[in-house]
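All chains, please: the whole structure from these sequences, using the hints.
4 protein chains.
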Amino acid sequence: MKLEQRLDAAAITEFLNEVFPGAMEHFTIEAVGPMCSTVRMPFQPWRLRPGGTISGPSLMTLADTGMWVALLAMIGREALSVTSHLDIDFLRKPAPADVIAHTTLHKVGKRLAVGDVLMYSDGEDMPCARSSVTYAIPSSYRG
Amino acid sequence: MKLEQRLDAAAITEFLNEVFPGAMEHFTIEAVGPMCSTVRMPFQPWRLRPGGTISGPSLMTLADTGMWVALLAMIGREALSVTSHLDIDFLRKPAPADVIAHTTLHKVGKRLAVGDVLMYSDGEDMPCARSSVTYAIPSSYRG
Amino acid sequence: MKLEQRLDAAAITEFLNEVFPGAMEHFTIEAVGPMCSTVRMPFQPWRLRPGGTISGPSLMTLADTGMWVALLAMIGREALSVTSHLDIDFLRKPAPADVIAHTTLHKVGKRLAVGDVLMYSDGEDMPCARSSVTYAIPSSYRG
Amino acid sequence: MKLEQRLDAAAITEFLNEVFPGAMEHFTIEAVGPMCSTVRMPFQPWRLRPGGTISGPSLMTLADTGMWVALLAMIGREALSVTSHLDIDFLRKPAPADVIAHTTLHKVGKRLAVGDVLMYSDGEDMPCARSSVTYAIPSSYRG
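Protein chains in written order, with the working numbering: chain U, 1 to 143; chain E, 144 to 286; chain G, 287 to 429; chain D, 430 to 572.
Hints are computed from structural coordinates only; laboratory data are not their basis.
A few chain U positions that, by computed beta-carbon distances, are all more than 12 angstroms from chain D:
#1 Asn-17
#2 Gln-44
#3 Trp-46
#4 Arg-47
#5 Arg-49
#6 Gly-52
#7 Leu-80
#8 Val-82
#9 Ala-97
Simulated crosslink set (DSSO-like; lysine-lysine; CA at most 30 angstroms straight-line):
#10 U/Lys-110 x D/Lys-522
#11 D/Lys-536 x U/Lys-93
#12 D/Lys-536 x U/Lys-107
#13 D/Lys-522 x G/Lys-393
Heads up, the beta-carbon is just placed ideally off N, CA and C, and yes, glycines get one too.
Below, the structure is given as structure tokens:
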């Protein structure tokens, strides 16, 4: 199965605002391509935990969002996929700054999609976290 | 190394309020024992996502909190450990209700602690999510 | 969906010998019950790595086998499931001895099954490794 | 901490043959660079499972080996690190052919190293498996 990109950044944002109002309130899609996405999480003080670093749950939400955007670009508006698995390694303390997530999809099957997400504090060249995420694709999806 | 429990639920809550104000605002420690904890996440409407289920980030935060509480009981107030790895499988849609996390520690070493967390919607007998979490223990900890 | 156990240990061994000759050559099913299994990996010198501990790949194979046995007990002979995800934490050096894997299934859905596996060196009361495993269930399975 | 590469492919193979005879018997180091490695697992019929695909344990061993080689290149001969965590997603059935593992290190700290491994059947442009691996670095290592 050779997939082609179906939605661009504007179409994804529009769709998400429709089906999940508020989901993209704290995220910006910077780029979407075939099997990949770049999503920015602008800095907000409420994301900090003691010590002045971005909280773990914020990074987990960013990983999940980056994967979701990359997947929507490929499967389109047909169906609402749900996260079935997420794992994350916290590598470096993320500074109080924007965090950018680069997602690469490794598989978009009929039932599962799997991708890796690397997250970087703005301006850094080594990631503050890595994540891999699996989405379950509903059976209404025809591929 | 044979560990014994050092802190009870009240001492853990007091310590967390000191070092991380607000961390336990949305969680209740129901029980703490040697190498285990039970933590409740009372239902709040802002935790819902479209479809009326508890959001994934809420469950991830609960898993992390359950593990943190179980670990603090064993290593005490000496040092602030940080999450280094978390993985989670979403198994069933969690109803709009309290979620209870049962954590079992499998290892508390000098440098790493590892545990499993099973999360249940209140009243259900099968888990809505499973998670395993690794904490890095700072080198100031003497065991 | 309320599942009941379909196969006992003897029926599982017979089925595995049929569809995957050799798969159980180095493993013994000690117990199978609803949503759980106990599988023993008898000690063999070729499983050792330098330092005299059981190798990581041996433990990963044991985790996968324990999960497979527990799953077959529930879904029966209908269909050959395949591992889609496995993660493992190595907790303690496993002695040159038998290793026993206790598997608990948390979900057997129409498409995915998820379980946890705890592995113990024979005679030890703390696990040498923990694992969680996901199997993809083929669409021929009717539940 | 800015690390530089300490060992090349020949030095790594020599070291591994010394400390773990046989470890590289079934693997070939194709390339090693700063924070990365490419390791080939030449096809051998005993790696097949029914259905004619490369077995899961073979891929897990390859992931672990790819990470080990990449890490040794950076930390050198000083100390023997051990795997503390490995997770793997099986994405596509690997053909009866060589499998090539591309490892990228995301962190080499004083105590932990974390990397991602993508595995490809020879000639394919999409991976048959993805893995992330964590190694614990012994305290004798000075960085």
